[in-house]
Each structure stands twice: as structure tokens, then as C-alpha cells.
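Enquirer: Add 149 to the 1-based position in the sequence shown for the numbering used here, that's all there is to it.
Everything labelled a hint here was simulated from the structure, so no lab data went into it.
The C-beta atom is built at its ideal place from N, Cα and C for all residues, glycine as well.
Check each hint, because a few of them may be wrong.
Stated by the list, open to error - Distance windows between CB atoms, simulated:
# : residue 1 : residue 2 : range
1 : 993       : 712       : 36 to 42 Å
2 : 801       : 160       : 22 to 28 Å
3 : 782       : 647       : 26 to 32 Å
4 : 672       : 782       : 53 to 59 Å
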Amino acid sequence: MSTPASPPFRDPSRPIDARIDDLLARLTPDEKLAFLHQHQPPVPRLGVEAFRTGTEALHGVAWHGPATVFPQAIGLATSWSPELVRAVGDAVGDEVRVFHQKDPVGVGLNVWAPVVNPLRDPRWGRNEEGYAEDPWLTGVIATAYGHGLAGDDPAYLKTAPTLKHFLAYNNETDRCTTSSNLPPRVLHDYELPAFRAPIEAGAAVAVMPSYNLVNGRPAHLSPLINDVLRTWTTDEVLVVSDAYAPANLFGLQQYLPDGPTAYAAALKAGVDSFTQDGTDAVPSIERLRAALDRGLITAADLDSAVRRVLAIRFRLGEFDPSELDPYRALEPELVNCPSHRRLAHDAARQAIVLLKHECQVLPLDASIRVAVVGPLAGTLSEDWYAGTLPYQVTALDGLIERLGHERVEYCEGVDRITLRIAGSSSCLVVGDDAVLRTSIDPGEFDLFDWGGDAWALRSVRNGRHLTVTDEGELVADQPGPNGWEVKQTFRLVQSSNTLRIQHLHSGRYLQVDADGTVGLADDGTAFELDVVVDGAATAAELAARADVTIVVAGNHPLVNGRETEDRETLDLPPAQDRLIRQVHAANPRTVLVLSSSYPYGIGWAQQHLPAILWSAHGGQEYGRALADVLFGDDDPAGRLTQTWYHSAADLPGLLDYDIIATDATYLYYRGTPLYPFGHGLSYTTFTYGDLRLSAPSTAADGEVRVTFTITNTGDRPGTETAQLYTRQQRSRVKQPLRQLRGFRRVALDPGETAEIELTVAAADLGFWDVTRDRRCVETARHSIMVGRSSTDLRLTATLDVRGERIPPRTLTRLAATSFDEYCAITLTTAARDRGDAVVSLEPQAWLAFDDLVVEPATYQARVANRGDRPATIELRLDDPLHGELLSTVQVPPTGELVAIAGELASVTGVHTLYAVFSAADVVLESFTV
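Input sequences plus hints: build the corresponding full structure.
Expert: Shown next, in the form of C-alpha cells:
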């Protein structure tokens, strides 16, 4: 008998589009529907295996057991080394492949990384997942990591990287129901570039929309997915929903009436894969089938989505002979192999930032005695998207490896306490069975302050943290705060001389019953807290007899700033702040080492301590990397990718995404930061010189080469990151104070000079022109600035760009969202599926349209009034309060947009037109003549 011929979709010599067409034609409608869920079932009759989207790989393979754990994403970016980041992505991609070989169904090759949301606000709970507050730098680092994940093979993807989270997502507070206000310039100049760069470069092949709404519309229904995002590449871009987000469309968000309508809208908006109900695809399939039956979607809509799903699977080599797979030879021993350990060490070392350095405390001498104190000194923690640490080298371990046990003293610096029922002799105690109960013999607990009024209690008896089981029992059996729902943290609610202990996850209080049983209740038992050992005082005793004290402080990555929880302040946890102050009082030669997912407002430490270092949580090799820097084996090479502010008072509202209007991020912030974007010191010194431009001017489509020299003027080898910024000196619009355009890392020996060349493309100096709804390069002079950070700029030159002048605009069609300034306005939907408008938030809200040609005309205003009383929109000339009244639009209560005609008064010339709203909830979409 002859062997049946393989179907065309199995033939790797055929064009991929033809192969997709063939397989698509062989699938039944039910099989196609099933392919639109995260967990795609096998099709045995075609020999098609199961496939799943979504393996977490942000800085290592997560949730599948021990794997190499690299520094957090923001830590990788802090290296300012695309080469390093690409190498890390390559290693993670290899480990994903190995895990996939072991468990093809459980570990998919569609990886959900990198995260490219610009880090506009350091209070965001997921700060550590992003790369930078600058969108261009975010794109550079994301492209490097994505290329590593995707691999170098020209025909096959190693993994299929997915960008998260599209779009304007920087808050966990009410994240599924809040709407991010994105005026056009913020959208095009700040949010979109970070996504565009890796997609254009082929470093990402998929995108995940975010939970939030954008300008009133759920991000999963954004027309930008099809209209903009997919135009950046000729390849198919897979769009996967975030977990359980599809049900939000008709659930929490109440944006659409039911499941079939919501799924249909998402599919038509460009979502191809629905991550809903875990492994149970049935509810999603039923909603999609109902949408098909009701005519809400067509077979063609279904085919378009399935085609994009299949395109990724083909590019991963799933349907090709195994001998063609360039990744088939990856060995299981590759996971946490020696080369990956060395890479983790190198990444952790390059991510360390020297924030302050005085008094020559650093580098440390190898003959000294040190005290190592702090709650993070002897432990490493995993964040939610970290892999399982295969081993831990803590800060303490790293210092002991260098100095030996005899020259290192250690304590955590936390208080040891007892908790006695107020007015009695009974105390809380942990029994042999780890259950919390009462006894006259007091149990002791170590008390950890993680900030935000979140405390953890560790039993001294068994060394385990107190938690609440699913049955409501209090037991001490956990290694620390952990899990999606952290159940190991408590709030100490003070009242006079007693306190109640509130379990943060449940909101209930510890209650001691008459028989001594401890449980949870709506009202709790009052306790008296007695400090048995003062942690800060003990640490100060160690510090006093040491040559140098190292305080290792920071956050626990699952507490007070994590997915689902933003921070309210930038403050250090109070107990940690007290520890630092007391240790410094005992030994002025105190070095603060911060390990955290985000910036802190550490003004006191900056003023008083001689040396401060920071890094993100650094992974398994953190302690050795820290020792390398502390002892001067390596120059601290990290540079901040985020502004560090003095306090949250320097920030706008967390939910206000208009960085231009609010002077947010290093681009627009006019204050003096604690540490600026790009900051990072060295053990040596550098001088900059001989700045030259290849030409004094350029056309809008030209470019200029910028060259300068850097010299190591110190007596130690060092690594410098030279940064190039520009500023447009005059413009029709508000321009950034400075904007990163390039950088170069260079290692220099003492006395060595290097010439650096960077290129500035004039097109990159453009911005979004709201008057014509397109990018524009203005005719203008630009400052070219080179230096060590965004505020430490050593050299300046000027460049004239021959672009265009933006002409005055007319009322031919004036979109309300094309405003130049506004007050008490936010953006909203013009229609359910597409289009933006503005809505007033209070009476006397206004919009300003600059450089408008005003002349007598009959116009139509598209307006709505969501209130229950008539309202008006006044059109005034040059001033919102006292300007000449040109016309008044009467807006009756109406749920939908309607067109209302009006006449402009007999005024001519170029003016600023103000639209002034008489009440809240009045919507304006456009004026047309």
C-alpha cells in the first residue's frame, strides 16, 4: 500500500499563507470556535495537537517549578544594555522550550512578555514589570528582550512574545472599571511608541489588551487594535485577551448587555484568543456560537481570528517535520545551567545603581568587619511573575563569601514581640501543630513592616509566618507572604494602649473565644503588644562595633505594591526607616542597600547617609552581584529608568494619564527630583568634551551624527552610560523639557578616552499635530544635550530643523479632542464601537482651540447631555470667562449625540476659541461648518 500524501498544510515548502488556507478550510465551524479559546483542543482527525497561549516569562519561566530567575524587568532595563537584555531573553526562551518539551500541553510557546507600559507613575502596583518611564527606551529594551525570546532563526520562532498591556494601563485601583484619559498627543507621542518599536522590529508577534477602559471604551474593544497596531507590520499579530477580561465587558464594566454581544464586539475589534474560565472553553465557545447564530459576527470574522491563531502556530514550527526544528536539541539540563547562572549573576550586577557616594565608604576593603542588618539582608523573595528560585544567594551570603563568618555580624533588625489579651495574662502562642491559640506562656513573633500598614508575623517557635487557611483557621505554616491572594499580612489597629489585629485579605479581626480558640470575627479582641527585642536597637549595637554597616531594606514584592494593589505613598515602611536612622546614629559609616520593585522617597537617607545603592529584586545571584559592586570588583553600572520623587505630593493623581497637562515624568516635570531619570554614579569620574554635529541643520527627513568624547579621569576602571537628549526651543505646542534620543554604554580604563557617535533623525523630533491629526516636524531650533543623566547634562549644541509651520486651522471640521488646553474635561466615547469625544466634569469646564480662523458661519455641533436638565456650550473668544460671546449651543438632555445648528457672530481673524460648558455631563464630539 502507498503512504497517504501529507496534506498541503504539512508541506514546509509551500508559502505559509497557502498552508494556513489549507488547514483553515479543513476545520469545521465548531473546531474553529474552539481555537478561539486560550486552551485550544487537539483535532485528532487532522493530527493537530492541543495548543495553549500564555506562558509567563517576564524575567524567567514562571509557575512551572525551579528555573533561572533573573532580575525583575525594571532591573534588567536599569542595565541600559540591550545586548544583556537580549541574552537574558534568549536564555528564558531556551528554558521555555525545555519546559514545553517536558509538558507540551501545560507549557505553551506563546509567552506573555514583555510588558511595555511606560512607567509614568511609581505608585503603580506592577511597576517592576515595566522597563522605563520613557517610551523610546521602553521600546529599545522590549525589542531586545523580545528578540531574545523569539530567537534568531529566520524561519522559526523559538517562542511567540506577547506585548502587555495595550493600552494606558498604570493603575491597579479599580483597574477593570477606571478609564484612562488619553488626549491625542499623549496617545501618539507617549503610549503607542513603546508598543510600536518591538512590533515593527519583529520582536513581538502578539499583544494583550489591558483590563482598563481608554477614553470610556474597554481596551479590549479598542479600534486602535485593527486601525493602528496591526498596520505596523506585514505579519499577522495575534491578540490575546487578559485573564477573565472578556466577561468584564458585560460584567464589571457593563459596557455591553450580554456575553454573545461582548464576545462579538471583541472579536470584531481584533481579539483572537479569549482567556476566560481557566481551562474550561465551553462558556466562551457557547457565547461565540450564539453570536454567530444571532448574526453578530460572520464566518469571515471567525476565519480572520483563526487565521491569526494559526499563523503563530505555523511560525513556531508546529506543523513541520521535527528534523527542521532548530530548537529540538535543547537539553533538559539547560534549565539553570552554569551559563544561565553566570548570566543571572551578570544581569544582577549590571542592574545595581549607585544613588549616592560620599566619604569614600565604598568600595569596601576586604579586611574590614561589617554588620549586615535589615529585613531583606538574609532572604530573597519571588514576585508573582518570577520563576521558582532554584537557589538563593542573599546579600548576607554574598558578604560572608567575601569576608567569612567571623567578620560578618547579622540581624534582621525587626522587633520581636508578644501579644497579650488586654487585661489578662493569656497570650497568643503557636503550638506544635502550628495552630495559633492562647496560653499563659507567651509566644514570640518577629514583626515585619512592609509599608502601607501591612505587617507580617513570623512565629519564633517554628520560623513560619502566620496565615489564615481557607477554612478560617490561623496557623503559622508559611515561609512568608505568598500567592495570588496574600493571606499572611495584617494591620495593627491602635486604640489607646491596645490594638486589634485585622487580617488584610479578609478584612476581619483576630478574635479569641472563651475556650482560647483564635479565629476571625467582624469585631476583634483587644491585645497589648510587648516588645521583647527592639530590632532597631539590636541592629544599632551590631553597627556600633562594625567598621561599616550594610542595611538591606526595601519591599516584599507581594505586599504593598503588586498586581491588584497600588501604593498610596512613596515612603519607606516606618519600621525600616527607624532602623536606618538608629543604625546610622550608631555608625555613620552606614551604607543603605535598597532592593525594591519601585522607587522610594528617601530624602532623609539621601541627606545623611554616605552611600546608597538600589536595585530591583535581583534574582538568584543577587548577593554575589551585590558583593561584586560593594567591594569594587565591578563599577556600579546601573542607571535609573524612572524618576525618583521626594514624595507622592510631587505626583499628579494616579488616574490622570495626561502627562503633558500634569507635568508628569522626566519629560515634563519642572521640580527637582530626588534622583533624576538616567541617574547613576560611578566609583570613578568622567569628563565629556568635543561635542560636534555633522551639520548645523537638517531637513525634516534628514539625520545628524552627534559625536563627543568621554574620558575616565579617575584612578579606577569604570562604566559610563552617555545619554543624549533633545529639546525643541520653540513650538506651537508644549514640548518636553528634555527627551532621550540615544545612549551608549562604554567601559574605560583610567585615563582612557573614547569617542562616541550617536545619530539623531529629524523625523524622531516630530510630534502629533492635533490640528491635522498626523505627525509633524516643525521648523525649529533644537538643543542637543549630552550628559550623565536627564539633569546632569555636560555638553550642549544647537540643531536647526527645516520642517513645516503648522497653519491656522478652520471650523471645517473641528474635533473636540483636538483641543490645545482644557479644564475639568475628560475624554469619552463618541459611539460604542469607535470615536472619541469630550465630556465636562463640572460647570464652567472649558476647551481651548488655539490658532483658529474665526469668521461668520453656520455650524453644526455634535453634542449630548447625559444630565437631566438643559445645558449650554458657549463659544467665547480668547478667554473662557470674559471673552466675547460668539455663539451659544443649547443642549437638551439626550443620551445620544445629536447635531445642533448655530451661528457664529461677525468676528474675523485668528484667535483662540473657547468652548465653555454650563454643567457637568455635557458631551461634545465636533463642530463642522
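Enquirer: Evaluate each hint against the coordinates.
Expert: Consistency of the hints with the structure:
1. Against the hinted window of 36 to 42 Å, the Cβ-Cβ separation of residue 993 and residue 712 comes to about 39 Å, which satisfies the hint.
2. The given range of 22 to 28 Å is broken by residue 801 and residue 160, whose C-beta atoms sit roughly 57 Å from each other.
3. Hint check: residue 782 to residue 647, Cβ distance near 52 Å, so the stated range 26 to 32 Å is violated.
4. Range check, residue 672 to residue 782: Cβ separation about 57 Å, and the 53 to 59 Å hint holds.
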